[in-house]
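Quick note, the sequences are listed as chains A and B, same order.
Residue numbering for the first sequence follows the UniProt record's numbering, beginning at 1 and increasing consecutively.
Residue numbering for the second sequence follows the UniProt record's numbering, beginning at 1 and increasing consecutively.
What the hints contain is simulated information worked out from the structure, not anything from laboratory work.
Since this is a predicted model, take the numbers as computed values, not measurements.
Watch out, some of these pointers could steer you wrong.
[Stated by the list, open to error] The calculated SDA-like cross-link candidates involving lysine to any residue, where the alpha carbons are at most 25 Å apart (straight line), are:
no. : chain 1 : residue 1 : chain 2 : residue 2
1   : B       : K48       : A       : F82
2   : B       : K156      : A       : A130
3   : B       : K81       : B       : W6
[What the hints assert, rightly or not] Every beta carbon over 10 Å from chain A, so not counted as near; a handful from chain B, in silico:
no. : residue
4   : L2
5   : D17
6   : T123
7   : C147
8   : L153
9   : A157
10  : Y159
11  : L187
12  : S190
All C-beta atoms, glycine included, are put in the ideal place defined by N, C-alpha and C.
There are 2 protein chains.
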Amino acid sequence: MLLLVWLLHYREGLDLDSYNANRVFNVHPFLMFFGFIFMMGEAMMAYKTVGAERKVQKSIHMFIHFVAIVLGIVGLNAAFKFHERRGLTNLYSLHSWIGIGTFSLFCLQWLFGLSMFMLSGATNEMRARAAPWHVNGGRVLLYMATCTALTGLMEKATYMGLHHQSEARLINFLALAILLFGISVDLSVSLGRYA
Amino acid sequence: MLLLVWLLHYREGLDLDSYNANRVFNVHPFLMFFGFIFMMGEAMMAYKTVGAERKVQKSIHMFIHFVAIVLGIVGLNAAFKFHERRGLTNLYSLHSWIGIGTFSLFCLQWLFGLSMFMLSGATNEMRARAAPWHVNGGRVLLYMATCTALTGLMEKATYMGLHHQSEARLINFLALAILLFGISVDLSVSLGRYA
Numbered sequence: 001m002l003l004l005v006w007l008l009h010y011r012e013g014l015d016l017d018s019y020n021a022n023r024v025f026n027v028h029p030f031l032m033f034f035g036f037i038f039m040m041g042e043a044m045m046a047y048k049t050v051g052a053e054r055k056v057q058k059s060i061h062m063f064i065h066f067v068a069i070v071l072g073i074v075g076l077n078a079a080f081k082f083h084e085r086r087g088l089t090n091l092y093s094l095h096s097w098i099g100i101g102t103f104s105l106f107c108l109q110w111l112f113g114l115s116m117f118m119l120s121g122a123t124n125e126m127r128a129r130a131a132p133w134h135v136n137g138g139r140v141l142l143y144m145a146t147c148t149a150l151t152g153l154m155e156k157a158t159y160m161g162l163h164h165q166s167e168a169r170l171i172n173f174l175a176l177a178i179l180l181f182g183i184s185v186d187l188s189v190s191l192g193r194y195a
Numbered sequence: 001m002l003l004l005v006w007l008l009h010y011r012e013g014l015d016l017d018s019y020n021a022n023r024v025f026n027v028h029p030f031l032m033f034f035g036f037i038f039m040m041g042e043a044m045m046a047y048k049t050v051g052a053e054r055k056v057q058k059s060i061h062m063f064i065h066f067v068a069i070v071l072g073i074v075g076l077n078a079a080f081k082f083h084e085r086r087g088l089t090n091l092y093s094l095h096s097w098i099g100i101g102t103f104s105l106f107c108l109q110w111l112f113g114l115s116m117f118m119l120s121g122a123t124n125e126m127r128a129r130a131a132p133w134h135v136n137g138g139r140v141l142l143y144m145a146t147c148t149a150l151t152g153l154m155e156k157a158t159y160m161g162l163h164h165q166s167e168a169r170l171i172n173f174l175a176l177a178i179l180l181f182g183i184s185v186d187l188s189v190s191l192g193r194y195a
């Protein structure tokens, strides 16, 4: 909700095909949070905290992560499109470096998960050995994705020179909400075993 | 090493009592990483991955965290001193909000750990129930501290308008190194149980 208030009320709205470059850009934070980070968290919790048959849990876990990849690609595309419209250089900032790194590793992790846990090639022993790496790798990726979101909001706020305006406060609370989302998912997954 | 190359070679060096406000500021990133985040990670690994008597492990874990608090306070002080010298406003940015939040929660976690696990008031059952929250709370705090470092470097790089200079690349690699340190500590602590 905070993200939408920011983008729709303070920042001219969302439109991937607009002639207004700012509206193209705004698709980026929206899809990277709502499409990528939020979906990723939901997929993790769907597997660990919602009771269902193992096969159903696995399929939902895989499918929501797939949606996250698709929406993530559209969201990344919006950032490149904005840079191209404005003639800005790509991929120099810390935000872009960790963002691209996280997204690439996420796709590898998805392929690794698919071949190891969904397809029938792996033995149960191989799966048992791979499981902790898959689980903790996923936690690390959520952690990296949250860091990326926070550096992105920090970059935008510093670039716009925001200080004590209400927009600055809104962005800070939005970032805190994203951080708390990441922490809650992480804790629900790691403390799940003690519940 | 990357942090020192940045501060000593590109950024005029470190001195908490200097008339040069930039040298006062530089104490902040140095102590917040080397004094706070690095010490915090070492303290976590000292408890989980170094073999010793339980009592020795606990004392070292507590003591290194105490050093982290002391150096963290000096490091925070350097940032406020720099703002005062330059007449800049305090505590408006996302970096400052998560930073102060993390440091305050860290001090609470330290006091909670001291009273629960070091002093003799708590029963074994209370300790067993509190342990997963202490462990996962610590992981979350390391995660928040890393996010804070990354937003700080992002803020500084954006504020200085760095793009493709070698300093920009150095800061990005420094941030990646800090992120990898956080991830490694987190994994060594969470995968420790499977080793």
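Verification of the supplied hints:
no.: 1; hint: K48/B with F82/A; in the structure: violated (46 Å)
no.: 2; hint: K156/B with A130/A; in the structure: violated (40 Å)
no.: 3; hint: K81/B with W6/B; in the structure: holds (21 Å)
no.: 4; hint: L2; in the structure: holds (13 Å)
no.: 5; hint: D17; in the structure: holds (28 Å)
no.: 6; hint: T123; in the structure: holds (18 Å)
no.: 7; hint: C147; in the structure: violated (5 Å)
no.: 8; hint: L153; in the structure: violated (6 Å)
no.: 9; hint: A157; in the structure: violated (6 Å)
no.: 10; hint: Y159; in the structure: violated (5 Å)
no.: 11; hint: L187; in the structure: violated (6 Å)
no.: 12; hint: S190; in the structure: violated (5 Å)
In summary, the numbered hints that this structure violates are 1, 2, 7, 8, 9, 10, 11, 12.
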